[in-house]
Amino acid sequence: MTGRKRALRGRGGASNKLTPNETQGDIYTQMLAEAGVAAGQGSSMPQRPIKRMRRDKNATVVASDTKSSTHEGKQPQEEPSEAESDEDMEFEDVALPEINVQTMEMDSEDDDDSDEDADFEDIGINIAEAPKSQNALGADLELNLTAQKAALAPAKNAAERRRPISKEEREKRTHIHKTHILCLLSHVARRNHWCNDAKVQASLRKHLSEKTAKYLTPASHLPQFGQMESLKTGLKQAAEVWRLNFEITERGMRRALWAEDPEQLDHYTVADDLDSCMDREAFREAATLLQGSRDVGAQLYCALLRSVGVRARLVCSLQPLAFGSGAPTLPKPKPSKVSEKAKKTDAILAQIAKQKAAVASENNHLATGLSAKRRLGHPNAAAYNFEPSRSPVKATPSHSQPRKIRESLYPVYWVEVLDTGHQKWQPADPVVTHTFWKPKSLEPPITDKENSMSYVVAFDADGSARDVTVRYAKAYAAKTRKLRVDAVEGDDSEWWRRVMKLYRPRWTKDLDQIETNELAGIEMREPMPRNVQDFKGHPVFALERHMRRHEVLTPDATPSGTINSGPRGALEKIYRRRDVRVAKTVDKWYRLGREVKPNEIPAKWLPKKVRRKPNRFGDDDDDDDNDNLGGGVPIYTEDQTELYEPPPVRNGRVPKNKFGNIEVYVPSMVPKGGVHIVHEQARRAAFLAGIDHAPALTGFDFKGRQGTAVLSGIVVASEFAEAIYAIVDGLGDLEAQMEEERRTLAALKMWRRFMMGLRIRERIWSGVSAEERHAADKEAEAEDALDAAMEDAPSDATEEFDMMDGDDSDAGGGFLVE
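For what it's worth, the working numbering labels the leading residue of the sequence shown as 1492, then goes sequentially.
Since the hints were derived computationally from the structure, they do not count as laboratory data. All of these numbers come straight from a predicted model, not from anything done at the bench. Accuracy of the hints is not assured; some may be wrong.
Below, a list of computed lysine to aspartate or glutamate pairs in the EDC-like style, where the Cα atoms sit at most 20 Å apart [stated by the list, open to error]: (1) K1992 <-> D1958; (2) K1690 <-> E1776; (3) K2088 <-> E2136; (4) K1690 <-> D1958.
Pair by pair, the computed Cβ-Cβ distance ranges are [stated by the list, open to error]: (5) K1895 <-> K1929: 51 to 61 Å; (6) S1657 <-> K1940: 23 to 33 Å; (7) K1940 <-> S1700: 34 to 44 Å; (8) E1985 <-> G2151: 18 to 28 Å; (9) N2142 <-> R1661: 53 to 63 Å; (10) A1851 <-> W1749: 31 to 41 Å; (11) A2227 <-> D2192: 25 to 35 Å.
Idealized CB from N, CA, C, for every residue including glycine.
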């Protein structure tokens, strides 16, 4: 009936149960037996099993041994033995007293400087946590060792670890960086010289019309604005001509990268489409064909402008190897993995190709066996003179599609043109960016791996060059300066200036002075950095977080602004770099000839690191909480010091320290009334004359942390200086005389030996005739020749020597042992 539903019976209902008294019980028993079910279960259907709690498959328990970690003690380092600095005795009758060698320990400030030289890169550290068990109380536990391995294994997306750059590695990279810069400057200077070639300019001059050449060389009677507009119009027309005619077919200069592993260089292959313009003839051919790399295109464009009388400079952004640790490296080669499916596909395709070749060869055999007249199918076709015609061959296109070259979106070479109206150099890039009068649009981003702007050098037609990096860098002091070698403290700061002096023009003109003032103004007008990282090493601004251990602020330092260090960080004050002072310890200032004024408050306290030797158990005796001993080490600025005045020399007596020396680290530390005489024989001269003197301690030679005193000359009273110099001259003459006597005595000994040999020979051959002497001489010459031949001949040693060389102790030396 409609509208009524049948009631569903449960699985455990009475309709699903079988009683043993049913008539067909035997049939069901047989069916259950055939299905593989036990006969005892056939009496009743199995009811629904009771639900159990589902066990988590991922729940594991990682066993770890907490007693496996042991404390490893540091082995004490061997201290170098003290070396005696006594001088060699020249005269036996004079014995100089021994000198106590003065030693010292290196200060903590020196350790800090050495530690700061090492640059460390970002290291990705992955901390694997043990998986938490989600089992319910009382559930079974599983021991899964693979889970522990998976937990300890590094994640796939983890950053690759890079080894830190040590001080030695940094110095090595700095030397390579300098050498690469010199090579690149020589390369650009040669290309700039090629742009002045008459044949190159003659082949390029015909591409410009007279109207364009007139725009490029505006008349002097025009106003400044008119001359500038005329030059712009001419450059745009010349750039349009260059864009239509010049074709980029090769790859230009790119950024040089370091290889993390030497094995990467074994798999490194040079691209096939590199710049092939290596000599002047190739450059002339490129000017005729108007083909090449975009670097050659910029160089030819410079030659094109010079051909019509425009004063143009060839500008190049050098791409040297970086000396820092943050530069990108060569990409690692990806191993070619061929899947099994690809191998099977290749095998199937090879088999199909083999079958097609076999079928084609069979068809060709059948076709050549039957003539064309028989293949027509007509019985009388052989009576007709029929010759089959060949199908026409399709003509291949003569031109090929140019291959796309993926390079940086920013140029390496471009041109600077002189705007005579304003007496300014303006950039022009007709090949890559197609921009004019826009210097800031030529700098590539910091993420560009193909191009990096660190040194921009402009070469004039006369071969002179100028560093114009400030004109094109948007943040020269904050970012670009850190990539240059002149930003490194020490001797490297003046190295780049010395190099650029080699390309300085012979005479400085007004235009050069105008450009110098322009670049200086651009550098001074650079705005304040916007992030905290750019303040590190900035030449104008500084933050307290970036100051070194021995740098402090002056008491009257006023902040120039504030910067937010993060969304939740506090505002940090920005100070001027001129308000930062270098502070040193009392001993450091003393070595520089200065002493701290009395009652001066330390500008800063440095925590002193106490290095204790581990005991025999490998543990330190004290805790790490006692590292700061006595509140630290005080340091002072130069304003808190004054010039050191040593005690004067009185009555010819020189003041000495407890080691019997006098410390003369700088010339100002020589006491009044004394003279510092630097000579190796000065101490001997003062000892022979009986003059009171003191060896001058001029520094320490550090090997590790142990420093040995370096003695150089002596300090005597000024009234004895002339006598010391006279004795030193006499000792020098005496030493030269003794050396001459030694040489004379050695020569006399050789002559005496030679004469004794002649006398012995004459005595032996006194009773022998001349013929016998001549025969004996010939025999001696023959024996000498035979001995020389026998030396070159191979050895004919017998096997007895091999038997004696064996390791068997029971051998009889070549004889049989009973």
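Worksheet item: Does the hinted range 31 to 41 Å hold for A1851 and W1749 at CB?
Response: Taking Cβ atoms as reference, A1851 and W1749 lie about 55 Å apart, which means the hint is violated.
Worksheet entry | Given hint E1776 paired with K1690 - CA-CA distance at most 20 Å | holds (10 Å)
Worksheet item: Holds or violated: are the alpha carbons of K2088 and E2136 at most 20 Å from each other?
Response: This hinted pair holds, its Cα atoms lying about 12 Å apart.
Fill in: C-beta pair N2142, R1661: status relative to the range 53 to 63 Å that was hinted
For R1661 against N2142, whose Cβ atoms are near 54 Å apart, the range 53 to 63 Å holds.
Practice prompt. Below or equal to 20 Å on CA atoms is what counts here, so check K1690 against D1958.
Written response: It is violated: about 29 Å lies between the C-alpha atoms, which goes past 20 Å.
Worksheet item: Regarding K1895 and K1929, is the given constraint of 51 to 61 Å on their beta-carbon distance met?
Response: violated (26 Å)
Discussion item. Is 34 to 44 Å respected by the C-beta to C-beta distance linking K1940 and S1700?
Written reply: Because 41 Å falls inside the window, the suggested range holds.
Worksheet item: Does the alpha-carbon distance linking K1992 and D1958 stay inside the 20 Å limit?
Response: holds (11 Å)
Worksheet item: Do E1985 and G2151 keep their Cβ atoms within the hinted range of 18 to 28 Å?
Response: violated (41 Å)
Discussion item. I want to verify a distance hint. Is the separation of the beta carbons of A2227 and D2192 within 25 to 35 Å?
Written reply: Because 31 Å falls inside the window, the suggested range holds.
Item to complete: Just tell me: holds or violated, for the beta carbon distance of S1657 and K1940 against 23 to 33 Å?
Response: With a Cβ separation near 25 Å, S1657 and K1940 satisfy 23 to 33 Å, so the hint holds.
Comparing the model with each earlier hint shows violations of hints 4, 5, 8 and 10; every other hint is respected.
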